[in-house]
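Input sequences plus hints: build the corresponding full structure.
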Amino acid sequence: MAMRVAFRCVSANFAAALPLRSRVVPQPVYRLSWPRTLTTSSPLSSALKFTDKHEWVRVENGIGTVGISNYAQDALGDVVYCGLPEVGTKLNKMDEFGALESVKAASELYSPLSGEVTEINKALTENPGLVNKSCYGDGWLIKMTIDSPAELDELMDEDSYEKYIKSIEN
Amino acid sequence: MIHFGLHVSRAMFARVAFAACSRSAQCCTYVRSCSRTVFTLGPSRGAVLRSLSSDVFENLALEDWLHNNLDLSEEGHALLLWQNAPVVVMGRHQNPWKECNVGLLREKGIRLARRRSGGGTVYHDLGNLNITFFTSRKRYDRARNLQLVCSALKAVSPRLDVCATDRFDLLLNGDFKVSGTAAKLGRTSAYHHCTLLSNTDRRALSAVLKSPYQGISSNATRSVPSPVMNLTDQDPALSCELLITAIAQQYAHQYCLEPSIALLDPTDENTLPGIRSTTQEMLSWEWVFGKTPKFDVSVSLKVADAIVTLCMNVKNGIIDTCSLELPATWPYWEAGAELQSLLTGSRFCAGDAKLLSSSLLRSCPQTDGVQDRWRDLCEQVASLM
Numbered sequence: 024m025a026m027r028v029a030f031r032c033v034s035a036n037f038a039a040a041l042p043l044r045s046r047v048v049p050q051p052v053y054r055l056s057w058p059r060t061l062t063t064s065s066p067l068s069s070a071l072k073f074t075d076k077h078e079w080v081r082v083e084n085g086i087g088t089v090g091i092s093n094y095a096q097d098a099l100g101d102v103v104y105c106g107l108p109e110v111g112t113k114l115n116k117m118d119e120f121g122a123l124e125s126v127k128a129a130s131e132l133y134s135p136l137s138g139e140v141t142e143i144n145k146a147l148t149e150n151p152g153l154v155n156k157s158c159y160g161d162g163w164l165i166k167m168t169i170d171s172p173a174e175l176d177e178l179m180d181e182d183s184y185e186k187y188i189k190s191i192e193n
Numbered sequence: 520m521i522h523f524g525l526h527v528s529r530a531m532f533a534r535v536a537f538a539a540c541s542r543s544a545q546c547c548t549y550v551r552s553c554s555r556t557v558f559t560l561g562p563s564r565g566a567v568l569r570s571l572s573s574d575v576f577e578n579l580a581l582e583d584w585l586h587n588n589l590d591l592s593e594e595g596h597a598l599l600l601w602q603n604a605p606v607v608v609m610g611r612h613q614n615p616w617k618e619c620n621v622g623l624l625r626e627k628g629i630r631l632a633r634r635r636s637g638g639g640t641v642y643h644d645l646g647n648l649n650i651t652f653f654t655s656r657k658r659y660d661r662a663r664n665l666q667l668v669c670s671a672l673k674a675v676s677p678r679l680d681v682c683a684t685d686r687f688d689l690l691l692n693g694d695f696k697v698s699g700t701a702a703k704l705g706r707t708s709a710y711h712h713c714t715l716l717s718n719t720d721r722r723a724l725s726a727v728l729k730s731p732y733q734g735i736s737s738n739a740t741r742s743v744p745s746p747v748m749n750l751t752d753q754d755p756a757l758s759c760e761l762l763i764t765a766i767a768q769q770y771a772h773q774y775c776l777e778p779s780i781a782l783l784d785p786t787d788e789n790t791l792p793g794i795r796s797t798t799q800e801m802l803s804w805e806w807v808f809g810k811t812p813k814f815d816v817s818v819s820l821k822v823a824d825a826i827v828t829l830c831m832n833v834k835n836g837i838i839d840t841c842s843l844e845l846p847a848t849w850p851y852w853e854a855g856a857e858l859q860s861l862l863t864g865s866r867f868c869a870g871d872a873k874l875l876s877s878s879l880l881r882s883c884p885q886t887d888g889v890q891d892r893w894r895d896l897c898e899q900v901a902s903l904m
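Protein sequences, first through last, are from chains A and B. Position in the first sequence (from 1) plus 23 gives the number in this note's numbering. Position in the second sequence (from 1) plus 519 gives the number in this note's numbering.
Quick caveat, the hints were computed from the structure, so don't treat them as lab data. One or more of the hints may lead you astray.
Stated by the list, open to error - Once the Cα atoms are required to be at most 16 angstroms apart in a straight line, the calculated EDC-like pairs of lysine to aspartate or glutamate come out as:
| no. | chain 1 | residue 1 | chain 2 | residue 2 |
| --- | --- | --- | --- | --- |
| 1 | A | LYS166 | A | GLU142 |
| 2 | A | LYS76 | A | ASP118 |
| 3 | A | LYS127 | B | ASP644 |
| 4 | A | LYS127 | B | ASP685 |
| 5 | B | LYS657 | A | GLU192 |
| 6 | B | LYS813 | A | GLU109 |
| 7 | B | LYS834 | B | GLU857 |
| 8 | B | LYS813 | A | GLU149 |
| 9 | A | LYS156 | A | ASP97 |
| 10 | B | LYS834 | A | GLU109 |
| 11 | A | LYS116 | A | ASP170 |
| 12 | A | LYS166 | A | ASP75 |
| 13 | B | LYS657 | A | ASP75 |
| 14 | B | LYS810 | A | GLU109 |
| 15 | A | LYS116 | A | ASP97 |
| 16 | A | LYS76 | A | GLU177 |
| 17 | B | LYS657 | B | GLU593 |
| 18 | A | LYS116 | A | ASP75 |
| 19 | A | LYS127 | B | ASP815 |
| 20 | B | LYS810 | A | GLU131 |
| 21 | A | LYS76 | A | ASP180 |
| 22 | B | LYS657 | A | ASP97 |
| 23 | B | LYS627 | B | ASP644 |
| 24 | A | LYS76 | A | GLU192 |
| 25 | B | LYS810 | A | GLU119 |
| 26 | A | LYS127 | A | ASP101 |
Computed from a prediction, not measured in an experiment: that's the story for all the values here.
The following block contains the structure:
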C-alpha cells in the first residue's frame, strides 16, 4: 500500500514535466509500471497493447501483429482502401507506415514499435471492410519483428486504453 | 471591431472590404517552440488565411505545412482559401490512368497532382475556389463546415438553392454539383477541404476527366462522376473574389474573429520552414505517379493485321512484370523479348517508354515495313501510359 502511494507521487511529479498531453497520459504510465511486478507482461504474452493513436499490437513468438482499435474503426467509418507497406520495410516506432481511406477521410497509420514488416494482410485488398468488421481479428494490418521489446512497456494495456478512451471522449 | 451580420447586401461587401494584412499580425504569430515550429493562433484561437500562389504543388505543400504545424490546442482552428491554375487533382489512393486522360493533360500542359486527402479526382482552374477547414480531430465536422459555406452563399445570394448531401457534396438546384469534399485525419489534427465551382471551364473539365485507357484492373479508389454547374451560371455575381469575401466574413462572424485575412506565401521558407521540401515532394514523380496502388494492364493491340497482347503489373508506378505476346509471323520477332526486358523495371511513363523504344527501333531492320510495324507497336505501348 505504502509502495503504491509512493509510486503515485513519483508518477505525478514525473507527469508534471510532460508537455501538452500530461492531462491524459499520467494514469496509463503509472498503471503500466506497477502491475509489471505482479503479472508477466513479457514480449511472449499475447495480450493486446495500445498506442494513444488507437493502434494495437499483439505479440506472439516474437512477431507483432498490428491493427487499429474498435474506437478507431468506428471513428473512421467504412474503410474503402488500405494502403500498406511492402514486406521488408523497416519501421521505427511512430513512423508512418501506411494509410486507411474511409468514407470520412484518409487517415495515416503509425507504427507502434520499431521492427521490420514480415507480412501484410492481403485479404484487405479485396475486402477493406474487414478492418471495420473484425478490427482485432481478420482485419489485422501488418505483422512485424520487434527490434526493441522495451517499447512494448511504453504502450497501454486494455484497461488503461479503455480509461484513455473515456477521458478523451469527455 | 466590425461585426458582420448574416444578411449583408452585396453593395455593402464592396464598401466594407476585408482588411487583408500582408504579414501575419493579429490573427496568428509564428513562434518557434522546442525543436518544432509552431504557428500559434492569437487569443481568438482562429484565423482566416489565403494563399498568394496559384501553383497546386505550392498550395498542397502549404496545406500540409499548416496541418502539421498549426497549434490547434484549446479549440484552435483556421480557414485557408486558395486557388490553382489549371490542374487535375487526384485523391490519395487513386489511379490517374483510370481517372483522367493523362496524355491529354501532357499535351495541353495541364498539371496533374495527388492530394494527401482521400476522395475523388477534380479539375481546378482559377474559376474554382478551394476551402480548407483546419481543426483538432475532435472538432472535425464536415457538415458544420458545409453549412457555413451555404450560409455564406445565401448571405450574398439569398435566392440561391444550394444544399449539402450526405456525401458532403454541395448541390445547386438539387441536381448539379458545385462542390466536392475530401479530408485527412492526422495524429491530433484534421482538415476538411472542398472545392467551389464559381466559373470553371466546364468543357476542359469534361475533356480531362474522361479516361481513354482500357484494360486496367485495380482496386484504387474510384471517383463518383456527377454533373456539375458553375455558381455563376445561376448568379453571375458569384465570382471567386466575392466567394472569398463572403466565406471569410461568415467564418469570422461565426467564430468571432477579427475581420482580416492573413496572406501566406507558400515559397517563404523563413515563415514556413520546411515547406520547400514538401513542395518538391508533392511535384515528384514518386508521389504523383509512384503512389498509385498496384494495378494490372492487359490489352490487345492491333498493329496492321496482327494482334499483340501485352500484360503488365505495375507497382509503385514501376512495371514489375511484363509479358508481350507477338504472333509467330511478326517480323523481327526476336526483338519482342528485348522490348519486354526493357519495359520490366522501368517507370510506367510514356516518356520513358518512348526513350526505351527508340533504342530498340534503331536496331530494327529497315526493310519491308518492319520498322513501321515496330514503331506503331511502340507508339501504342507508350500511349497506354
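Quick rundown of the hints versus the structure:
The hinted pair formed by LYS166(A) and GLU142(A) meets the criterion: a straight-line CA distance of about 5 angstroms does not exceed 16 angstroms. Distance restraint check for LYS76(A) and ASP118(A): the Cα-Cα separation of roughly 12 angstroms lies within the 16 angstroms cut-off, and the hinted pair is therefore satisfied. Distance hint between LYS127(A) and ASP644(B) is unfulfilled; the C-alpha atoms sit about 26 angstroms from each other, more than 16 angstroms. Proposed proximity of LYS127(A) and ASP685(B) is supported: the alpha carbons are some 11 angstroms apart, at most 16 angstroms.
Between the alpha carbons of LYS657(B) and GLU192(A) the distance comes to roughly 9 angstroms, so the proposed pair stays at or under 16 angstroms and holds. Only pairs whose Cα atoms come within 16 angstroms are accepted, and LYS813(B) paired with GLU109(A) is accepted, the gap being roughly 11 angstroms. For the hint pairing LYS834(B) with GLU857(B), the CA-to-CA distance comes to about 21 angstroms; that exceeds 16 angstroms, so the pair is violated. Between LYS813(B) and GLU149(A) the CA atoms are separated by roughly 13 angstroms; this keeps the pair inside 16 angstroms, and the hint holds.
Restraint check for LYS156(A) and ASP97(A): satisfied, since their Cα atoms lie roughly 10 angstroms apart, inside the 16 angstroms limit. A C-alpha spacing of about 10 angstroms is found between LYS834(B) and GLU109(A), which places the hinted pair at or below 16 angstroms, so the restraint holds. A C-alpha spacing of about 10 angstroms is found between LYS116(A) and ASP170(A), which places the hinted pair at or below 16 angstroms, so the restraint holds. Proposed proximity of LYS166(A) and ASP75(A) is contradicted: the alpha carbons are some 19 angstroms apart, above 16 angstroms.
For the suggested pair LYS657(B) and ASP75(A), the alpha carbons sit about 14 angstroms apart, so the restraint of at most 16 angstroms is met. A threshold of 16 angstroms between alpha carbons decides the hint, and for LYS810(B) with GLU109(A) the separation of about 12 angstroms falls inside it, so the pair holds. Distance restraint check for LYS116(A) and ASP97(A): the Cα-Cα separation of roughly 24 angstroms exceeds the 16 angstroms cut-off, and the hinted pair is therefore not satisfied. For a cut-off of 16 angstroms, the pair hint linking LYS76(A) to GLU177(A) stands: about 13 angstroms separates their Cα positions.
Simply put, LYS657(B) and GLU593(B) have alpha-carbon atoms about 11 angstroms apart, close enough for the 16 angstroms limit, and the pair holds. With a C-alpha separation of about 13 angstroms, the suggested pair LYS116(A) and ASP75(A) falls inside the 16 angstroms cut-off, and the hint holds. With a C-alpha separation of about 28 angstroms, the suggested pair LYS127(A) and ASP815(B) falls outside the 16 angstroms cut-off, and the hint is violated. With a C-alpha separation of about 14 angstroms, the suggested pair LYS810(B) and GLU131(A) falls inside the 16 angstroms cut-off, and the hint holds.
Taking the CA atoms of LYS76(A) and ASP180(A), the gap is near 14 angstroms; set against the 16 angstroms cutoff, the hint holds. At roughly 14 angstroms between alpha-carbon atoms, LYS657(B) and ASP97(A) fall within 16 angstroms of each other, so this suggested pair holds. Distance restraint check for LYS627(B) and ASP644(B): the Cα-Cα separation of roughly 14 angstroms lies within the 16 angstroms cut-off, and the hinted pair is therefore satisfied. Proposed proximity of LYS76(A) and GLU192(A) is supported: the alpha carbons are some 14 angstroms apart, at most 16 angstroms.
In summary, the hint linking LYS810(B) to GLU119(A) is supported, as the alpha carbons are separated by about 15 angstroms, within the 16 angstroms threshold. A C-alpha spacing of about 8 angstroms is found between LYS127(A) and ASP101(A), which places the hinted pair at or below 16 angstroms, so the restraint holds.
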